[in-house]
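Go ahead and model the full structure; you've got the sequences and the hints to work with.
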Amino acid sequence: MAQAAGTTLADAVRAEVGAALAGTDAELARRYPGDPGTRQPVHTVYVPADAFTADTVREWGDQALAALDAHAPDAASLAGLLGLPADLAADVHDRMREKLRREPVEDLRIDFEDGYGVRPDTEEDAAAVAAARTVSAAVADGSAPPYVGIRMKCMEAAVRDRGIRTLDLFLTTLLDGGGLPAGLVLTLPKVTFPAQVAAMARICGAFEQAAGLPAGRLGFEIQIETTQAVLGPDGRSTVPLLIEAAGGRATALHYGTFDYSAACGVSPSHQSMDHPVADHAKAVMQVAAAGTGVRLSDGSTNVLPVGPRSQVHAAWQLHYGLVRRSLARAYYQGWDMHPAHLPTRYAAVYAFYREGAAAASARLAAYVAGSGGAVMDEPATARALGGYLLRGLDCAALTPGEVTAATGLTLPALHALAARPEATG
168 MAQAAGTTLA
178 DAVRAEVGAA
188 LAGTDAELAR
198 RYPGDPGTRQ
208 PVHTVYVPAD
218 AFTADTVREW
228 GDQALAALDA
238 HAPDAASLAG
248 LLGLPADLAA
258 DVHDRMREKL
268 RREPVEDLRI
278 DFEDGYGVRP
288 DTEEDAAAVA
298 AARTVSAAVA
308 DGSAPPYVGI
318 RMKCMEAAVR
328 DRGIRTLDLF
338 LTTLLDGGGL
348 PAGLVLTLPK
358 VTFPAQVAAM
368 ARICGAFEQA
378 AGLPAGRLGF
388 EIQIETTQAV
398 LGPDGRSTVP
408 LLIEAAGGRA
418 TALHYGTFDY
428 SAACGVSPSH
438 QSMDHPVADH
448 AKAVMQVAAA
458 GTGVRLSDGS
468 TNVLPVGPRS
478 QVHAAWQLHY
488 GLVRRSLARA
498 YYQGWDMHPA
508 HLPTRYAAVY
518 AFYREGAAAA
528 SARLAAYVAG
538 SGGAVMDEPA
548 TARALGGYLL
558 RGLDCAALTP
568 GEVTAATGLT
578 LPALHALAAR
588 PEATG
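As numbered in our numbering, residues 168 to 592 make up the sequence shown, in order.
Since no wrong hints were added, every one of them can be taken at face value.
With a straight-line cut-off of 20 Å between C-alpha atoms, the simulated SDA-like cross-links for lysine to any residue are:
no.: 1; residue 1: Lys-357; residue 2: Ser-404
no.: 2; residue 1: Lys-357; residue 2: Gln-438
no.: 3; residue 1: Lys-357; residue 2: Ser-439
no.: 4; residue 1: Lys-357; residue 2: Thr-394
no.: 5; residue 1: Lys-357; residue 2: Pro-400
no.: 6; residue 1: Lys-357; residue 2: Arg-286
no.: 7; residue 1: Lys-357; residue 2: Arg-329
no.: 8; residue 1: Lys-357; residue 2: Gln-453
no.: 9; residue 1: Lys-357; residue 2: Ala-429
no.: 10; residue 1: Lys-357; residue 2: Gly-414
no.: 11; residue 1: Lys-357; residue 2: Met-504
no.: 12; residue 1: Lys-357; residue 2: Gly-399
no.: 13; residue 1: Lys-357; residue 2: Ala-325
no.: 14; residue 1: Lys-357; residue 2: Phe-425
no.: 15; residue 1: Lys-357; residue 2: Arg-416
no.: 16; residue 1: Lys-357; residue 2: Gly-284
no.: 17; residue 1: Lys-357; residue 2: Gly-432
no.: 18; residue 1: Lys-357; residue 2: Val-444
no.: 19; residue 1: Lys-357; residue 2: Gly-386
no.: 20; residue 1: Lys-357; residue 2: Glu-323
no.: 21; residue 1: Lys-357; residue 2: His-447
no.: 22; residue 1: Lys-357; residue 2: Asn-469
no.: 23; residue 1: Lys-357; residue 2: Thr-393
no.: 24; residue 1: Lys-357; residue 2: Ala-450
no.: 25; residue 1: Lys-357; residue 2: Ala-368
no.: 26; residue 1: Lys-357; residue 2: Arg-369
no.: 27; residue 1: Lys-357; residue 2: Arg-462
no.: 28; residue 1: Lys-357; residue 2: Thr-418
no.: 29; residue 1: Lys-357; residue 2: Pro-407
no.: 30; residue 1: Lys-357; residue 2: Tyr-213
no.: 31; residue 1: Lys-357; residue 2: Gly-282
no.: 32; residue 1: Lys-357; residue 2: Ala-324
no.: 33; residue 1: Lys-357; residue 2: Pro-215
no.: 34; residue 1: Lys-357; residue 2: Asp-281
no.: 35; residue 1: Lys-357; residue 2: Arg-403
no.: 36; residue 1: Lys-357; residue 2: Asp-426
no.: 37; residue 1: Lys-357; residue 2: Leu-408
no.: 38; residue 1: Lys-357; residue 2: Val-326
no.: 39; residue 1: Lys-357; residue 2: Pro-435
no.: 40; residue 1: Lys-357; residue 2: Gln-395
Because the hints were derived from the structure by calculation, they are not lab data.
Right under this line is the structure:
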């Protein structure tokens, strides 16, 4: 009979340590719950409220397809333009066309801020109501994108009341029209101080209470487009304070390329997603948001794919490169400003996931089997590999059959390995 292993510490020591750290355990669970595990859109499309109609999403898809037909009509032209291998280009081109026909926009933001400007109150009131009614109708008939909502005006004194009223009108009209969409997203721009985020959280809570909604139903994105949102006057990083001020309602941090660059004094010709000031801001955002469940989104390029073919191709090469750069840096979402940005958005996203799918699947299969391989992966990396494949599935870069065949895992098993709920709407 084996002799029991001896220990020296009394049970009371472990109990005392556990009691002393109970508060820390609770604080860790509250502040760092981990990724929510739901689908994250690959992009956000901003459309001024006065330009938003029931046909907006389909029009963007049709215009994107027309641009593709005009300037990269087949796989060979796409391969030459973006430097893709012929077989990958053929695969990406086919999937991209299908995506533009089926679901051209994953996340739509109806803009009442910079893209809309200051209008008479009666005009903005009417636009807020009309936008909500259009969204309700699209949700009812199945034509709405998976995620949709508004960007209101900010919490600065000059426009604060207007922004709150627009939000109230939009949400109230949605409720009157059948309820809040599952994919409802609200965006708070031009944040400078945590108190503004706390005010938005208070508004959301007050609306829930008045409307009889469950507490916590309303969340919102925070746009990081002022220098004060990154570094406060006391020298501390502001981003963690913004997340904390949201009281659990922050869903994402969106980098605002042009406002932030301008605030840093970057000249217009150099304002870009890959400028050093952008990289610094996004690195701070990334570290602050890690583990909190708050997602990240990169910004946009204002170089539009319009004009002669040479100009369109140059803009597409720039956009493709910027999106691939963002993906490699774990910014899985970004903004698109023009319908002709959609082809290179999906070309970049699909190439990113399809190029890496075989290697990721092999590593994951080896990890699950305990068979080793060329890379020795840790549990955290295995979760990341699972998350990578699930992101590819979410945007239709990969199919369930491909992933199951390559990994040997059922989809429920893959979700479990990635620590992600199986329902990913």
